[in-house]
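Keeping their order, the protein sequence lines are chains A and B. Residues in the first sequence are numbered consecutively from 3, following my numbering. Residues in the second sequence are numbered consecutively from 3, following my numbering.
Honestly, the hints are just simulated from the structure, not real lab data. There's no promise every hint is true.
What the hints assert, rightly or not - Examples of chain B residues lying across from chain A (beta carbon under 10 Å, computed): (1) Met53; (2) Met57; (3) Gly228; (4) Gln249; (5) Gly261; (6) Ser270; (7) Thr271; (8) Arg272; (9) Asp282; (10) Val309; (11) Leu321; (12) Phe324; (13) Glu327.
Every residue, glycine too, gets a C-beta built ideally from N, C-alpha and C.
2 protein chains.
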Amino acid sequence: MSETNRKFLLAKRPEGTPDRDTFELVEEDRPEPGPGEVTVRTLYLSVDPYMRGRMDAGESYAEPWDVGEPLQGGVVGEVVESNGASFEPGDVVTGNLQWADYATAKASDLHPVNPDLGPISTALGVLGMPGRTAYFGTREVAEPKAGDTFVVTGAAGAVGSVAGQIAKLSGARVVGFAGSDEKVAFLEDDLGFDAGINYKQTDDYRAALDEAAPDGVDAYFDNVGGPITDAVFTKLNVDARVAVCGQISLYNAEEMPMGPRKLPQLISTRARVQGLLVGDFAPRFEQATRDLAEWVASGEVQYRETVTEGLENAPDAFLGLFEGENIGKQLVKVGERGE
Amino acid sequence: MSETNRKFLLAKRPEGTPDRDTFELVEEDRPEPGPGEVTVRTLYLSVDPYMRGRMDAGESYAEPWDVGEPLQGGVVGEVVESNGASFEPGDVVTGNLQWADYATAKASDLHPVNPDLGPISTALGVLGMPGRTAYFGTREVAEPKAGDTFVVTGAAGAVGSVAGQIAKLSGARVVGFAGSDEKVAFLEDDLGFDAGINYKQTDDYRAALDEAAPDGVDAYFDNVGGPITDAVFTKLNVDARVAVCGQISLYNAEEMPMGPRKLPQLISTRARVQGLLVGDFAPRFEQATRDLAEWVASGEVQYRETVTEGLENAPDAFLGLFEGENIGKQLVKVGERGE
Numbered sequence: 003m004s005e006t007n008r009k010f011l012l013a014k015r016p017e018g019t020p021d022r023d024t025f026e027l028v029e030e031d032r033p034e035p036g037p038g039e040v041t042v043r044t045l046y047l048s049v050d051p052y053m054r055g056r057m058d059a060g061e062s063y064a065e066p067w068d069v070g071e072p073l074q075g076g077v078v079g080e081v082v083e084s085n086g087a088s089f090e091p092g093d094v095v096t097g098n099l100q101w102a103d104y105a106t107a108k109a110s111d112l113h114p115v116n117p118d119l120g121p122i123s124t125a126l127g128v129l130g131m132p133g134r135t136a137y138f139g140t141r142e143v144a145e146p147k148a149g150d151t152f153v154v155t156g157a158a159g160a161v162g163s164v165a166g167q168i169a170k171l172s173g174a175r176v177v178g179f180a181g182s183d184e185k186v187a188f189l190e191d192d193l194g195f196d197a198g199i200n201y202k203q204t205d206d207y208r209a210a211l212d213e214a215a216p217d218g219v220d221a222y223f224d225n226v227g228g229p230i231t232d233a234v235f236t237k238l239n240v241d242a243r244v245a246v247c248g249q250i251s252l253y254n255a256e257e258m259p260m261g262p263r264k265l266p267q268l269i270s271t272r273a274r275v276q277g278l279l280v281g282d283f284a285p286r287f288e289q290a291t292r293d294l295a296e297w298v299a300s301g302e303v304q305y306r307e308t309v310t311e312g313l314e315n316a317p318d319a320f321l322g323l324f325e326g327e328n329i330g331k332q333l334v335k336v337g338e339r340g341e
Numbered sequence: 003m004s005e006t007n008r009k010f011l012l013a014k015r016p017e018g019t020p021d022r023d024t025f026e027l028v029e030e031d032r033p034e035p036g037p038g039e040v041t042v043r044t045l046y047l048s049v050d051p052y053m054r055g056r057m058d059a060g061e062s063y064a065e066p067w068d069v070g071e072p073l074q075g076g077v078v079g080e081v082v083e084s085n086g087a088s089f090e091p092g093d094v095v096t097g098n099l100q101w102a103d104y105a106t107a108k109a110s111d112l113h114p115v116n117p118d119l120g121p122i123s124t125a126l127g128v129l130g131m132p133g134r135t136a137y138f139g140t141r142e143v144a145e146p147k148a149g150d151t152f153v154v155t156g157a158a159g160a161v162g163s164v165a166g167q168i169a170k171l172s173g174a175r176v177v178g179f180a181g182s183d184e185k186v187a188f189l190e191d192d193l194g195f196d197a198g199i200n201y202k203q204t205d206d207y208r209a210a211l212d213e214a215a216p217d218g219v220d221a222y223f224d225n226v227g228g229p230i231t232d233a234v235f236t237k238l239n240v241d242a243r244v245a246v247c248g249q250i251s252l253y254n255a256e257e258m259p260m261g262p263r264k265l266p267q268l269i270s271t272r273a274r275v276q277g278l279l280v281g282d283f284a285p286r287f288e289q290a291t292r293d294l295a296e297w298v299a300s301g302e303v304q305y306r307e308t309v310t311e312g313l314e315n316a317p318d319a320f321l322g323l324f325e326g327e328n329i330g331k332q333l334v335k336v337g338e339r340g341e
């Protein structure tokens, strides 16, 4: 166990797209747990698009980070020291911790990771926040039914890939937008999507949808926003449901993004458009994790992870999300268990 | 009873804002009812913003009118001739008929008007389609609750004025946007709105809302769209509901109207935005009419009508909707009962 600790601070608020200068890596002594706390050694760190919002000062659903303060994110780690807390050294836990080699936390802010459910990294992906987001966003908001056409953007990502497979389980035709031929092959060949659209190979998203979703769109799970979403809205059927989970294409905008006004389309379709935050479903997380674990075990839900090695490369892993560099869940591997 | 009939045809499709040349008044012989039909003499004709959509060729929820074909709308009229139909001469009926002095219809396409519920003209307003739109849009889509702040645009119009009063009955704080000081006085003094905003006297809608809706917006009933709606969206509270009933500010646009993208705001608020067509609630129309008639009788819902005299002036009455010339329901008085 190292006596020193590395951690990332928010060096400055990004204007538009963040870059390496947004982050500052500092060294300090390994933190000591206070009474009732543990020290956790980071094994995997999650980077997620929503973190971009926390870098800005404005109001959002997640509290803004202060400049000079540590960044935080989902972590799977190993307890290395316990100061009278309910976890023991060696326990594998997950929680919202610093982007660091080590972090202290109260036991009540951590959850045990059950290694019987799958590799421990899945607690940050298919069996963690992204999986649960897909689960509730699909089942409770987009609500695909048998025979429906379900469209998802960011379809090869941590949330979209699971959302599409859950929609498939409900009997819908599933169409996904993704940013490379490799991703489209992943959707169609590995995940069983009915059609994938490589949005970087077309600028006529409407024509691509006319082909992939000839009966229109009944349920839309949006992780991306912008012009793809504009095209999907022109294809919404009567009583369609739209789950707005993310809008990654807009997060780095420096000015208010403009687009075609969509409310008129909602009148003729009576579509319902609803924002989604997984935290609202917290009382039902256990059920979601149980269902997802079953589907993973049965092979009904497949997942993939893109793993960047080394805490020092966490900023690159984060920045890569906006370039679509990941397939499936983007993780940063910080340490090995039992090292 | 006249032997001739006047009726309006769609002379041409408007490009942008319609004008008098959109309409052509023609004369013909008074139509004879076929078997099972009646001839109805028009007493009141309704003009409504949604008719603008029927003037265009594109897809919409209401079938487009063909050029050279008669315009249609809600009519209250008197049966003057019956050819074996279930109505008798003298019966007062309502239905979707031509913009004409006389029109024939099957009895099954007409509904009796109950004069005990109120003046017969109310079958086109507070006790008709606009009242029912307000009823279902407020209670089933915007869902104001006690203590909520409810905002409505087109607040002095046929739908908005009733929507605001229904929201008031549920215990919400009610704020209305309208286009003149006279309308604002109507909202505040006659209808019991908590605040009215004359949008023609401010261009900082957000600042006006900061004052009128200091606790944010929980329920929004939108008849207008455009920049006012943009401002309301910036004030939406968590779990807000938006009923998209109309977008009159956009109906005459010649190019795709652009505006600030709103989906990001839905994530942080988890707001639900839903289009509204009153026809979807047809199985429950009777209940709505009964409730509305009770509220009108008790004085809990007030209504006003703006009456234009003469069929020949129907186009002006329609065009005036887009200038905000009406307070309450805009009607065209075409004939007197028993003439």
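Answer holds if the nearest beta-carbon of chain A is closer than 10 Å to that of Asp282/B; otherwise answer violated.
holds (6 Å)
Against chain A, run the beta carbon of Ser270/B and see if the smallest gap drops under 10 Å. holds (4 Å)
Close enough to count: is the Cβ of Gln249/B nearer than 10 Å to one in chain A? Cβ of Gln249/B sits 5 Å from chain A, so the hint holds.
* **Agreement of hint Glu327/B with chain A interface, Cβ distance less than 10 Å** => The hint is violated - Glu327/B has no Cβ within 10 Å of chain A, the shortest such distance being about 23 Å.
Item to check | Satisfaction of the Val309/B interface hint, Cβ to chain A closer than 10 Å | outcome: violated (27 Å)
Please check whether Met53/B passes as an interface residue: C-beta within 10 Å of a C-beta belonging to chain A. violated (14 Å)
| task | Verify the interface restraint on Met57/B: the C-beta must sit less than 10 Å from at least one C-beta of chain A. | result | violated (15 Å)
TODO: Under 10 Å, Cβ to Cβ, is where Arg272/B needs to be relative to chain A, so tell me if that hint holds or is violated.
DONE: holds (4 Å)
Report task. With a cut-off of 10 Å on the beta carbons, see whether Thr271/B makes it to chain A. Result -> Holds - the Cβ of Thr271/B comes within 10 Å of chain A, reaching about 6 Å at its closest.
Worksheet entry | Hint status (Cβ of Leu321/B to nearest Cβ of chain A, threshold 10 Å) | violated (20 Å)
task = For the hint on Phe324/B, just tell me whether its beta-carbon gets within less than 10 Å of chain A.
result = violated (15 Å)
**Q.** Per-residue hint verdict: Gly228/B, partner chain A, C-beta under 10 Å
**A.** Because about 8 Å separates Gly228/B from the closest Cβ in chain A, which is inside the 10 Å limit, the hint holds.
Hints 1, 2, 10, 11, 12 and 13 from the list above are not met by this structure, while the remaining hints are.
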